[in-house]
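Peer 1: Going down the list, the protein sequences come from chains A and B. The first sequence begins at 114 in the working numbering and counts up one residue at a time. The second sequence begins at 2 in the working numbering and counts up one residue at a time.
To be clear, the hints were calculated from the coordinates, so they are not data collected in a lab. By construction, the Cβ of each residue, glycine as well, lies at the ideal position given by its N, Cα and C atoms. A couple of the hints might just be wrong.
[As the list claims (entries may be wrong)] Here are the simulated DSSO-like cross-link-like pairs (lysine-lysine), alpha carbons at most 27 Å apart as the crow flies:
1) A:K239 x B:K44
2) B:K3 x A:K353
3) A:K385 x B:K10
4) A:K385 x B:K47
5) A:K289 x B:K17
6) B:K17 x A:K397
7) B:K44 x A:K385
8) A:K397 x B:K3
9) A:K353 x B:K47
[Unchecked claim] Part of the chain B face toward chain A, derived, beta carbon under 8 Å:
10) G33
11) P36
12) V43
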Amino acid sequence: MSETVIALLGQPNSGKSTLFNALTGMKQHVGNWPGKTVEKKEGNFEHGGRKYLVADLPGTYSLSANSDEEMITRDYIASGKADVVCILADSSQLERSLYMLADYAGITVPCFLVLNMSDVAKEQGKSVDAKELEKKLGIPVVSFSAPDTKSYDIFYKTLERAVSEKTVLDPAGLEKRYNSIGNYDSIKAIIPDNVIPGYSKTWLAAKAVEGDAPVIAKIRTALTGENVKALDESLSKVDKGVVLTGECKFEWIDELLSGTVKNKESGVSLGKFDRLITHHIWGKPVVVLIIILGLIASFIPALPLMGVGQLIAKVPDPLNEAMLSAGCPAFIAALICDVLLRSVSFIVQMLGFVFGVTLVFGLLEEIGVMARISYVFDNTMARFGLQGKSVMPFLISFGCTMGGAAGTRVIDNWGQKVLTIALAWAVPCGAAWAVIPMLSTLFFGAWMPVIICVILLVMILHMWITAKIFGGRLVKTEDRYGMIMELPPYHKPKWGALLRYVFGRTKDTFIRALKVVIIVALAFWLLSYTSSGDITASILYKVGHFIEPVTRFFGMGWQTFMAFIASSLGKEGALGVLSTIFTGSGTISVGSVVSGAAAENINELLVANVPKPEALALVFAMTFNMPCIVALAATYQETHSAKWTARIALYYTGMALVIAGIAYRIGLLIW
Amino acid sequence: MKKLSELGKDSVAVIKSLDGDQRFMSRITSIGLTPGSTVTVVKNEKNRPLLVYSRDTMIALNRSECEMIGVEIGGKTA
């Protein structure tokens with residue numbers, strides 16, 4: 114038997130992703146809808162001997178044609194791929210969240226309704242009679258609460274019923290109200306059969322009244338001359354159709370809910386935490402504090418993995434010697450120890466952080482805190498074309514860019530997610546903070562704090578320019594409207610589903626990062642490999658020397674340029690490379706790059722060999738270079754776009770050189 | 002008729018009209034703010050988004066957008 118396809122449809126905050134994660138666990142695949150900047154999530158599960166494919170449709174507020182997300186959702190339903198559509202509504206805000214159901218009415222693809230978050234509704238003293246709603250709608254209705262394991266049995270039963278009975282939502286009650294809109298009847302009468310498969314005349318007529326351009330265009334092409342005129346004439350008489358149908362939809366919802374919902378009158382007030390976070394002075398500091406605490410909390414699950422990574426790092430040196438003494442060719446020993454093992458060690462150390470960030474911030478998202486963060490920073494982030502949530506990845510990136518990239522998972526718009534990552538790269542990460550102040554003190558002494566301040570200013574300018582350059586293509590102008598968002602009630606987390614999801618994503622990140630890191634590490638290693646151990650025999654040296662006239666333009670000689678290249682693999686690595694070059698011993702290897710091992714007298718060597726303006730150029734080039742290979746891999750993992758990952762990486766390399774060039778020239782003026 | 006943005010904290014009003022482009026009207030309708038619905042202003046401070054409560058939902062709205070929403074004071078609390 115082939116698999117049954119369920120499509121999940123619901124407004125943002127309806128608990129759709131929680132249900133998706135709970136159903137599919139680690140069996141998820143994420144990609145993009147063909148040719149669109151919208152994320153596509155699918156997953157599998159089995160129940161009762163039947164295989165299911167779950168398509169998590171993009172979270173939208175309605176089925177109108179205002180965004181790519183909504184068009185994809187409509188097209189998917191029309192494609193006939195889904196056997197049944199699972200519509201989600203929030204029981205605690207039933208009246209508002211049933212809007213999606215009302216907008217679905219008139220679509221003939223079988224469906225059922227999940228009244229999610231029944232636990233929250235119960236706490237608020239609300240109860241819904243699902244059986245009564247079923248009678249009125251003609252489709253199965255189930256009360257559901259993600260943290261409650263008993264809920265799932267009823268969910269599966271309801272799902273099976275909808276699939277076997279092919280239950281279609283009855284739009285008669287809603288249509289009665291549509292009839293009161295002048296011209297609805299005449300428009301519906303003109304519409305021919307089968308304009309869009311799965312969408313009835315009732316639905317099409319309502320959308321035409323709303324002024325829905327793609328629907329009107331479809332109807333027009335299906336009509337002949339005279340009828341087109343009649344349609345245009347009827348449509349021209351409708352004013353603010355979307356408001357009229359909206360009123361009808363809510364009247365219908367009110368009628369559905371009368372007698373089925375018991376609602377204890379509750380006063381309107383903000384909780385303590387919400388009062389604090391919406392405070393015009395304290396809101397932002399509180400959010401920043403929450404994110405910093407979240408960052409610290411991320412280290413708790415991260416530490417054990419970091420320890421494992423450091424243990425792996427101890428293996429290569431003794432193993433290398435053992436292999437050599439066992440007669441293994443030096444080339445192969447170096448390949449295994451220097452390239453493979455050190456790459457794995459590097460990734461595992463960072464992976465702990467990804468795990469921690471995904472868990473902690475996934476939890477904050479699930480309980481409803483991220484929505485508040487989004488609210489507080491919406492106005493600020495809107496200047497970059499981003500949503501308020503983007504502030505979180507930016508702050509995390511001060512610790513680790515890979516963690517920042519992982520944190521963008523809570524951003525539900527793909528374009529904004531990619532733009533957030535692109536901007537987060539400009540934030541100097543923990544490794545930069547370990548190297549840059551030290552280098553600055555070494556060369557510029559008491560001027561170090563000034564340099565740090567300039568770096569922070571350049572960071573803001575860089576982010577602003579980057580938003581200008583990439584923003585237009587990633588976030589369309591029509592998607593940049595003022596905030597209209599709900600602050601959802603707080604929810605209990607579903608720990609099991611969350612953990613399975615976090616493990617799944619961490620595993621995916623590991624595999625993807627390993628691929629990228631090994632390829633890049635291998636390439637770098639081959640370029641820098643010499644059989645004699647003399648750096649000047651390597652390809653890297655020859656290329657570096659050859660293009661030195663060009664790199665000089667950006668203020669860097671071949672030695673510092675090597676360090677710059679190494680810093681795009683890992684910031685700490687730049688020191689190791691400079692050490693190797695100036696002491697003239699050993700090869701530059703991935704090992705020396707990621708471990709940052711440097712000669713003891715590296716400080717004197719640097720000051721003796723690198724003039725101040727060049728050092729200034731190096732400091733800026735390193736800071737604003739690509740953060741590291743693992744960040745590159747994480748970017749690819751989160752954006753699932755090789756094109757955008759490459760674009761961002763090349764852009765950062767170029768920008769770093771430009772900034773270095775400017776710094777060098779300023780340095781020449783000073784010294 | 003007043004604009005939603007002119008209402009002070011704790012005022013209760015009924016939405017009378019919506020203006021603006023198709024996109025805005027569609028979006029504001031889908032979040033439940035339609036003519037006839039009752040809204041309670043929870044927070045209205047300068048330079049900050051408005052917080053209103055309607056249909057059991059706390060909604061944050063950009064100030065400039067609130068100028069497109071016409072309301073009449075009164076109505077029972079939502």
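Peer 1: Where does the structure disagree with the numbered hints, that is, which hint numbers, in rising order?
Peer 2: 6, 8, 9
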